[in-house]
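J.: Here is what each chain is made of, one letter per residue.
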Amino acid sequence: MSQAEEIRKEARRLLEEGEVKYVVGYRRGPDGLTAAPFFAATPEDAESLIWDPTCVHNLVRFVRDEKRRKGRAKDPDHRPVAIVVKGCDSRAVNVLLQEKFIERDEVYLIGVSCEDSGVADSKKLAHRFKGRKVDGIERDGEDAFSVASEGKKITVPAAELLADRCLECQASYPVVSDFLTGAKAERKPEKPYGSVEKMEEMPSAERRAFWEEQIGRCIRCYACRSVCPMCFCDECVVDTINFAVNPGTSAEEKADRIKWIERGSDSSENFGYHFVRAIHLAGRCIDCGECQRVCPLDIPVRFLNKKLEKAAKELFDYDAGFDAEGDSLVASFRDDDPGEFIR
Amino acid sequence: MAENFEPKIVAFLCKWCSSAGSDLAGVSRLQYPANVVPITVMCSGSVSPLYIFSAFRKGADGVLVSGCHPGDCHYIKGNYYARRRISLVKELLEFSGLEPERFQMSWVSAAEGKKYTEVISDFVDALKPLGPQQMLRREA
Numbered sequence: 027m028s029q030a031e032e033i034r035k036e037a038r039r040l041l042e043e044g045e046v047k048y049v050v051g052y053r054r055g056p057d058g059l060t061a062a063p064f065f066a067a068t069p070e071d072a073e074s075l076i077w078d079p080t081c082v083h084n085l086v087r088f089v090r091d092e093k094r095r096k097g098r099a100k101d102p103d104h105r106p107v108a109i110v111v112k113g114c115d116s117r118a119v120n121v122l123l124q125e126k127f128i129e130r131d132e133v134y135l136i137g138v139s140c141e142d143s144g145v146a147d148s149k150k151l152a153h154r155f156k157g158r159k160v161d162g163i164e165r166d167g168e169d170a171f172s173v174a175s176e177g178k179k180i181t182v183p184a185a186e187l188l189a190d191r192c193l194e195c196q197a198s199y200p201v202v203s204d205f206l207t208g209a210k211a212e213r214k215p216e217k218p219y220g221s222v223e224k225m226e227e228m229p230s231a232e233r234r235a236f237w238e239e240q241i242g243r244c245i246r247c248y249a250c251r252s253v254c255p256m257c258f259c260d261e262c263v264v265d266t267i268n269f270a271v272n273p274g275t276s277a278e279e280k281a282d283r284i285k286w287i288e289r290g291s292d293s294s295e296n297f298g299y300h301f302v303r304a305i306h307l308a309g310r311c312i313d314c315g316e317c318q319r320v321c322p323l324d325i326p327v328r329f330l331n332k333k334l335e336k337a338a339k340e341l342f343d344y345d346a347g348f349d350a351e352g353d354s355l356v357a358s359f360r361d362d363d364p365g366e367f368i369r
Numbered sequence: 166m167a168e169n170f171e172p173k174i175v176a177f178l179c180k181w182c183s184s185a186g187s188d189l190a191g192v193s194r195l196q197y198p199a200n201v202v203p204i205t206v207m208c209s210g211s212v213s214p215l216y217i218f219s220a221f222r223k224g225a226d227g228v229l230v231s232g233c234h235p236g237d238c239h240y241i242k243g244n245y246y247a248r249r250r251i252s253l254v255k256e257l258l259e260f261s262g263l264e265p266e267r268f269q270m271s272w273v274s275a276a277e278g279k280k281y282t283e284v285i286s287d288f289v290d291a292l293k294p295l296g297p298q299q300m301l302r303r304e305a
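Residue numbers (the numbering used here), protein chains in the order written: chain A, 27 to 369; chain B, 166 to 305.
Hints are computed from structural coordinates only; laboratory data are not their basis.
Keep in mind the model is a prediction, meaning the values are calculated, not measured.
We put the beta carbon where it would ideally sit given N, CA and C, even for glycine.
Among these hints, one or two may not hold up.
To be verified - Simulated restraints, written as ranges between beta carbons of each label pair:
hint, chain 1, residue 1, chain 2, residue 2, range
1, B, I241, A, T275, 36 to 42 Å
2, A, H104, B, P297, 53 to 59 Å
3, A, K210, B, D188, 56 to 62 Å
4, A, P326, B, S286, 47 to 53 Å
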């Protein structure tokens, strides 16, 4: 039975027995190629669920919405929500559990292992096929994808199409799940922080010019924040328009809110926003790469998070999302934390 | 230009040690450069990364965070949290291309007025050749 069939069978069982409220998974998107998030609420819906290399989305993001919906409901349905999670996504669940944002019984995790492969980057795919129509993509052994295009099947080495994060992924299997399909293959990338190291080798001034150009382009659409499963605050410190107000909030109170970062999208404000985002994700980001995928301007925001992931690993030997019980990175310390930079 | 440039340093000093240390430097009439804008905070652990980014964005050429020596924190462990968090901020700022000299951290106890003056003089000396910080500065 293929992984997709196993997911469908499990989803159908869950929905038939009423164990879960609904199943969040993937189905074929309107373009006939890429996957789109899908909420299966009936056993019949479960038949639409798919699993293939275009299932890039991190569906854990919908846990946040579910939590909000439940908070507003008069008579909330306390059954868990089932989510299809890849390795990276499962670590996101772990971080949310660690932070007590959700309880373990609020979610039912349908784990799906990427095994030795990963998901395909749609931009790389478009680039590789130079705009020709691609009709389907599936895994072809360990190191290749089989891509159907214009009636032909072409085998492409996996490294050419895999998303950047998958090339640096250190655990392609779900670390937490209630149901698992696929093998727990251990992946050992040669350079888990290769892309960051390449940037670190650049001279400081060159790096500054790079980031000034990249961050300067940001239009502050906040897509990276919206898609992030870790950004769950109701009020965001970098964005004054979502401060909670009610009819009793006086004009004075509204005016007294500190505007750390203004709404304009000039370089300084953008740096402020991206720095805060990176710091708030330090020790929490599990590198699902969604922020970079959704960026309409292709700003490599993932690097900032990856850099702090690397720093957390090297300085404090901390891996995000592997342990739901331990203390989080910035809520803990050790007596022998490095402090050579301090005078 | 470099000789005439007077850098502006924003220093977040913890109330119990570093701020008292800077006071001691003052009452002992020790000479040190007047480039510092000291801001007393209750603990180095209370310095949010936002304060640091904000200082840079509002025109600081250098930012200093100073607290009690490890083990001396008035709140027992605030400076340990600070050390962890601030080192991440430092990594991030350097990765984005800010000169590493522009952001420093120090442990200054209430008895180390002398050390405080040394930290500040060295900081000013390190900043002078760099010129004004433009990367994060808000356009006026």
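J.: All hints are to be evaluated individually against the structure, with a verdict given for each.
T.: Right, here's what the structure says about each hint:
no., hint, verdict
1, I241(B) with T275(A): 36 to 42 Å, "holds, 37 Å"
2, H104(A) with P297(B): 53 to 59 Å, "holds, 58 Å"
3, K210(A) with D188(B): 56 to 62 Å, "holds, 60 Å"
4, P326(A) with S286(B): 47 to 53 Å, "violated, 39 Å"
Hint 4 alone, counting from the list given before, is not met by this structure.
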